[in-house]
Amino acid sequence: MAETTARPKNFLGVPVAKPKVAFIELSSCEGCQLQIVNNEATLLDFLSLVQVVNFREAMTEKSDDYDIAFVEGSVTRKDEAEKLRTVRNNARVLVALGSCACFGGVNQLKNRFDLDWVKREVYGNSFIDTDKAQPLEDFVHVDLRIYGCPIKKEEVEKIVTNLVIGREVHHPRYPVCMECKANENICLYDLGEPCLGPITRAGCDSWCPNNRAGCWGCRGPADDANMVQMRKIMTEQGFSDETLIDRLECFGGFKACVDNIRKGQLK
Amino acid sequence: MLFRTLKKKDLPRLYDRLSDGNRIVGPTVKGAEKDGKAIYAFEEISDFNNIHLDYTSTKIPAKKFFMPFRETMASFRMKGKEWDKMVSFNMNSPLVFFGMHACDVNALNKLDKVLLGSHYPMPYYAAKRKNMFIVGIDCIPQPYCFCRSMGSDTALHGFDMFLTDLGDHYFVEILSDTAYNFLRQITNEEPAESDHARYMKVAAEKNRKFTAHVDTTDLTKILDMEFQADVWKKWGDQCLSCGTCANVCPTCYCYGVDESVGLDLSRAQKTKLLYSCNLIDFAEVAGGHNFRPESHTRLKYRYYHKHRGFVEAFEESLCVGCGRCGESCLAGITVPEVIASVRGEES
Ligand code: SF4
Ligand code: SF4
Ligand code: SF4
Ligand code: SF4
Ligand code: SF4
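So the sequence lines, in the order shown, correspond to chains A and B.
Numbering-wise (our numbering), the first sequence opens with residue -15 and increments by one.
Numbering-wise (our numbering), the second sequence opens with residue 104 and increments by one.
You may find that some hints are simply not true.
As a list, the in silico BS3-like pairs of lysine-lysine whose alpha-carbon atoms are at most 27 angstroms apart [what the hints assert, rightly or not]:
id, chain 1, residue 1, chain 2, residue 2
1, B, K375, A, K136
2, B, K373, A, K(-7)
3, A, K142, B, K375
4, A, K142, B, K184
5, A, K251, B, K336
6, B, K373, A, K137
7, A, K216, B, K337
8, B, K216, B, K167
9, B, K182, A, K(-7)
10, B, K337, A, K247
11, B, K373, A, K216
12, A, K239, A, K67
13, A, K136, A, K67
14, B, K167, A, K142
Since the hints were made in silico from the structure, they are not lab data.
Let the hints inform the model, and build the full structure from the sequences given.
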C-alpha cells in the first residue's frame, strides 16, 4: 500500500490530525473490509484522510499503535475475545463494523442449534474451537456502530470524514421505507413479497428493494420499530411466523423480538 | 374561462406542439401489482403512446418534479483560503404535465400558499412551479378517493388547460394565454349546446361514483375537543412511523437539511431531504428533548396539521382527498377511518 502520510490535511484552513486507523477482523467473511478497498475512485481520498496502520485486506505490516479501530466480525472463540479486549485497550475509538460486529451477523444463526451438532455438521471430525457467535458489545464497550451486511462504503466514508473533522456521527433513526419511497420503488408487498423495511433502520438507501428484493433487516431495528404491527402485516399478507422469524433471525439485530415471538410475548 | 372542444384524434397533435422544445411528464405504467392491477407513475415521456390518460392515480405524486425527495441546495468548494458557494434552483427546462387530475392540481395550489405566498417563499419550488404548463384531465373516482369531501374534485385554477372526456371529443377549459396559443395551432371548435349538456351529465355521473367520504363539518372544533381522545392511541399503536404517508402525499412539504463534507475536505454540500412528522425525531430539538416521542402523538400531529392548523391559517385543509396515504400505508391507516373514529362514528 502506498505511503499515505505525505500531505498534511486541513479543514477550513485549520489543520486536522490524521488519525491512525486499524482494521481488525474476528469471525467474518471480510466482506465489509472489502467494501472499503472496493472503490478506487475515492480510495485515495480516504487514505489521505487517515493513516492506516493495520489492514490485512490490503497490507502486510502491522502496528498496535492506533486511534480508531474498526472491528469486523463477531466473537466466536476465547482467543477472539482476548484479541478484542486488547484492541479496546489500544484504541481511543472502537467501531463495530458491519452486522457481525454489531449483532453477531449471519454467524449467530448457528446459536439456534446445539453447538456440538453444528461443529460436526460443518467441520466433521477435525477438532475446531468455536463457541456461540456474539456481538462485540457482549465483551467490550463499543463507541460507534456501522450497520449493514455488508456495510455501505459511502456511509463509512461519511462517518470517517465526520470523525476526522470532529462532527457528530448520526444514523438515520427511521426505517428503510423512507428511503425506499424516495427511490420511488414499487413496494414489495404490492408484488406479494415480504419485506422488513418498515422496521429496519435505514442508511443503506433501500439497497434490496431498489433491486426488487425484500429487506432482511441486516441493519437491525429502527428506533421505536413497531414489531407487533410488522407481525400483523406479515400475517395479513399471508406470510407465516416462520417466514417472519427466518428474516428477523438472519443477522441477529432482532434477537429480542424473535425471543418475544417464541415466548408468545409479542402481541 | 374559455371553453372549446377538441376531437380525440387531434390530441396527439396537441402533444406534438407541446413537446416541441419542452420536456413532457405524464402518467405511465410502471409495473403491475400481484393481482394484475397497473401501477402508475408520473414519468418523463418521449412517446405519446406511453401516456395512459385513463390512469387511476399514481402511487407517488407529481411533487417529485418540483419538490424532489432529495435536492442539492448549495455546494461549497475551498479555493486556497477562500471558498465558493454554488446555488442552483435545479430548474433545467420547463415541464409540461400532460394529464393531471383535479386533486393533484389542487394539491399544487395548496403548496403555493405556503411555498410561494408566505413571507419567505421557497425559491427551489418557485423556480420549477413557475416554469410548468399543466394539462388537466378528468378522472373516475376510485374506492379510496374522497376529494369531493375535501372540495378538491374540480380545479378552478392552477392549470393551463383541462380536458374532460365527452366520448369522441374533449371539452377543453382554457385558463392561460399560453394554452390558448397552443390550442390555436390545432383544429378545435366552439362547444355546442349539446356539449354543455353532455359535460354536466359526465360531471353528475362522476359525482355518483364516490364511495369514500370524510365529514368535515366543524372538523377543526371537533379535533380541538378530541385532542385527548383514546382513538389516537389506537391509531398510534398501529403506526409504523415509516413516513410513507408523507412521502406519497401531494401536499406534504416538510423537509430536513443534511450538510456533508466531502472526503477530500475541500468540498461540502447542503441537501434537502423530504421528511415526515411521523418519524421519531421530527420534533426532537437541540439538547435532545423530543416533544413527540410516542407514535400516537406524531400521528395525531399529522392530522392536526392537515385538518386543523392549516385550515385556521388558510381556510382550507392541507388534504385533497387523493387517498394515496391510506392506499400505501401498510398498517391500513386511512384518512376517512381516522376522521370518522375521532368523530365517534363507525366507518
Ligand atoms: S418495499 Fe419494503 S422498504 Fe419499500 S416501502 Fe415496501 S415495505 Fe417499505
Ligand atoms: S434493504 Fe434491508 S437487508 Fe437490504 S441492505 Fe438495506 S437493511 Fe440490509
Ligand atoms: S400512518 Fe401508515 S404510512 Fe404513515 S407513518 Fe404510520 S404506518 Fe407509515
Ligand atoms: S393526506 Fe392522504 S388523502 Fe390527503 S392529500 Fe395527502 S395523501 Fe392525499
Ligand atoms: S407536518 Fe406532517 S402532515 Fe404536515 S406537511 Fe409536514 S409531514 Fe405533512
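Each hint, compared with the structure:
no. : hint              : result
1   : B:K375 to A:K136  : holds, 21 angstroms
2   : B:K373 to A:K(-7) : holds, 22 angstroms
3   : A:K142 to B:K375  : holds, 17 angstroms
4   : A:K142 to B:K184  : holds, 24 angstroms
5   : A:K251 to B:K336  : holds, 16 angstroms
6   : B:K373 to A:K137  : holds, 20 angstroms
7   : A:K216 to B:K337  : holds, 15 angstroms
8   : B:K216 to B:K167  : holds, 18 angstroms
9   : B:K182 to A:K(-7) : holds, 14 angstroms
10  : B:K337 to A:K247  : holds, 24 angstroms
11  : B:K373 to A:K216  : violated, 39 angstroms
12  : A:K239 to A:K67   : holds, 25 angstroms
13  : A:K136 to A:K67   : holds, 26 angstroms
14  : B:K167 to A:K142  : holds, 26 angstroms
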